[in-house]
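Trainee: Residue-level listing of the chains:
Number of protein chains: 2
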Amino acid sequence: MGYEINETHDPSIQSFVESAAGSDFPIQSLPFGVFEREEGDNRIGVAIGDEVLDLEACASAGLFDGDNEQEDELIAIACSMGALNFLMFQGPEIWSKIRRRVSELLRAGSEIEQDAELRAHVLVPRDQVRMLLPCEVGDFTDFYASVHHATNVGSMFRPDNPLLPNYKWIPVGYHGRASSVMLSGEDVVRPNGQMIGGDDEPPTFGPCKLLDYEMELGFFAGGPVNEDGEGIAIGDAWAHVFGVCLVNDWSARDIQKWEYQPLGPFLSKSFATSISPWVVTAEALAPFRVPAFDRPEGDPKPLPHLHDEDDQQHGGIGATLEVLLLSAQMREQGMEPMRLSIGSFEHMYWTIQQMLAHHASNGCPIIAGDLMGSGTVSGPEKESRGCLLELTWRGSEPIELPTGEVRKFLADGDEVIMRGWCEREGQPRIGLGECRGRVLPAR
Amino acid sequence: MGYEINETHDPSIQSFVESAAGSDFPIQSLPFGVFEREEGDNRIGVAIGDEVLDLEACASAGLFDGDNEQEDELIAIACSMGALNFLMFQGPEIWSKIRRRVSELLRAGSEIEQDAELRAHVLVPRDQVRMLLPCEVGDFTDFYASVHHATNVGSMFRPDNPLLPNYKWIPVGYHGRASSVMLSGEDVVRPNGQMIGGDDEPPTFGPCKLLDYEMELGFFAGGPVNEDGEGIAIGDAWAHVFGVCLVNDWSARDIQKWEYQPLGPFLSKSFATSISPWVVTAEALAPFRVPAFDRPEGDPKPLPHLHDEDDQQHGGIGATLEVLLLSAQMREQGMEPMRLSIGSFEHMYWTIQQMLAHHASNGCPIIAGDLMGSGTVSGPEKESRGCLLELTWRGSEPIELPTGEVRKFLADGDEVIMRGWCEREGQPRIGLGECRGRVLPAR
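Each protein sequence line maps, in turn, to chains A and B.
If you use the working numbering, the first sequence corresponds to residues 1 to 443, in order.
If you use the working numbering, the second sequence corresponds to residues 1 to 443, in order.
No wet-lab data here; the hints were simulated from the structure.
There could be a bad hint or two in this list.
Treat identical chains as interchangeable: a pair holds within one or across any two.
Stated by the list, open to error - Within a straight-line C-alpha distance of at most 30 angstroms, the following computed BS3-like cross-link-like pairs (lysine-lysine) qualify: (1) Lys97 x Lys408; (2) Lys408 x Lys257; (3) Lys301 x Lys168; (4) Lys209 x Lys168; (5) Lys301 x Lys209.
Next comes chain A alone, as it looks inside the complex:
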């Protein structure tokens, strides 16, 4: 199942919220998040321009009431939770119904526009709220779905053997640490850890010297995903995706190098993973679906449980992802962040559907709210490499900042800013928002 393009995507509809048009969050987007108006009062909201529609306030004002009492009540309950998990569990029909209703409520001429008191009750300026994690992340899985990233990194860690034989057969992934998933804007403390010593020297323990970011696209599982352990048919997988966010999978390369054999990355990753606060729904992405990666001649065709003929037409996502850096010196001098890379999710070797179908294929219980990261999004060109390890080629090609500073890896005070968006001719651009985090010195 995909989502059809419907009236909620219509480029001609306009919101009465004036800041919406041309912003990251026009009325065609309607991403979900969780915010606090007052401390401890978590609420589900939808971003529209510079404002947030408070869904709990909408529900209590009866704005979701329609002609199906049972379903209306379910929606009111789902929208009144302090996290998105229960809403994520409801599945595509309910998600669509809420989206259609929210779209109506935010259009020019709606009952909210016409009632100043109601408007003040249900709409809040975004700069007056504090964002929270959108849901409780039960489990976090990180994939490795960019063949460019895997080849680049593989050639550094295993020069003789960059791309392992399994790479083109399975979307390689590993279990991450759910407890270290944090919200954009939170500072990231440089981790301590054990690193390989010099020649014939013992390893050392101390602050990571090779701190890196990884630009990823994340997705949240939704619906009753794989509770019976039956697996997910590849053709059904997209219906089990609630939405996407930006992910910075911070990485300590020196800790990683020493620890990762034979059981994979562990403490090199589990100190922090930042995510953007607004979850752009799978339905909002409908106009931006693009053909899945076109495997070059000679690459194997995926096994049947990972192959969907339809995905050749629209299995991918046409999202552009950008990484910027603002050093402490740049900040002091009032400079703008400098772009480090820009690339497209279209170059990913594996689709989100393949990742999810693979993940569920062994009967693994997948729960609404589980987060999965795509792995670093790197494209074929140098400018599209999604981490410093690749961009500076392990530090051998340092990057010069406008202040004259150079970077092989991240320095204390550096802020990494990730942005993403989808655009195509004839359709309003929708933003994926921003994921930012600043590096603090090690403890």
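Fit chain B to the given chain A structure using the hints.
Mentor: Only chain B this time, still in chain A's reference frame:
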């Protein structure tokens, strides 16, 4: 901090529950678990012989009331939750206080013994309750702390390079899947997955052919563990352990072999991890602490953050772990399970304290209720190998069952039964209970 041996460990104290003495759960043990008397009514209990002390019923009967109103109220709340997480969060002082009180309540001559009505209210026969997972497992981490296991497995997967250079420097571990942690007694469906094909053949997808178990000891983090990200001093680590359980980390060896490079085990593990229902507290283990593994001459001394001189005296746990198998044929013929292995946790290269201090050393948030597995517990002798991969040496030395059946790996209908206990001269033996699971055919 360790726990001193105190009056709750005194071998001379007797419970009025007659089945307690000589059972897995004498009054010196007092393990915690969660059970249902009626569906949906989860309660925290303490096992004593063939019965369960219902802590919620005790709290509501005022049996925890003492001279510190605030603390008594906290204990009453913690004991009235449907899962152990909140109690696990309270830390060693509260745990000890509850243990002392429960010990008093279960002794011969206590107010419970003397009041038949009260007794009927707070004590339930174990065979009349259904056990549940003891807590919500936020994150599950699996270590690899037996050098015998690591060397055996390494020599099969990497004959030239069995024990990697990091092994004796860090307790190698990886993030597991919390959602697939299940309770002893639940059936385990043989997973499907992708496996390497024959020579020059493509990989195949289907039921795992090399299904295995792994005998592990698990431990639950407790207290405010690493919320500030400051790490845990090795000398404080044991105070952050609420208790231990038995873990069967079911493993699909053929799926593992194909998928595990370069990011570690993933779907070969995430279909099922079974745990025993009764959590034996760190305090109950006080009489059974033994010297940590004595590293052979030439092995490196751990770096300071992983070294505690005191652990040379009592850093280990003197627990015996046994694995038994009951095939479908054996069951039909009314046979007893056959012992496959028996070994001791004393041979583990890394202590639980080292695992926890390492895990927290990068600032990773660790939350009360997080589960960590030791990795397969294998000792130096063949009979102490904790998985079939090692016992049958990858299938080359099959095991014969009393029915004449042979096993290289697990067959459908096989039930794996793990048991554990601690014993030492002059001290009542305490059991770790049982962790069992039967293999169902693949879907």
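Trainee: Decide, hint by hint, whether the structure agrees.
Mentor: Each hint tested on the structure:
no.: 1; hint: Lys97 x Lys408; in the structure: neither (48 angstroms within a copy, 53 angstroms between copies)
no.: 2; hint: Lys408 x Lys257; in the structure: within (16 angstroms within a copy, 35 angstroms between copies)
no.: 3; hint: Lys301 x Lys168; in the structure: within (9 angstroms within a copy, 42 angstroms between copies)
no.: 4; hint: Lys209 x Lys168; in the structure: between (32 angstroms within a copy, 22 angstroms between copies)
no.: 5; hint: Lys301 x Lys209; in the structure: between (41 angstroms within a copy, 24 angstroms between copies)
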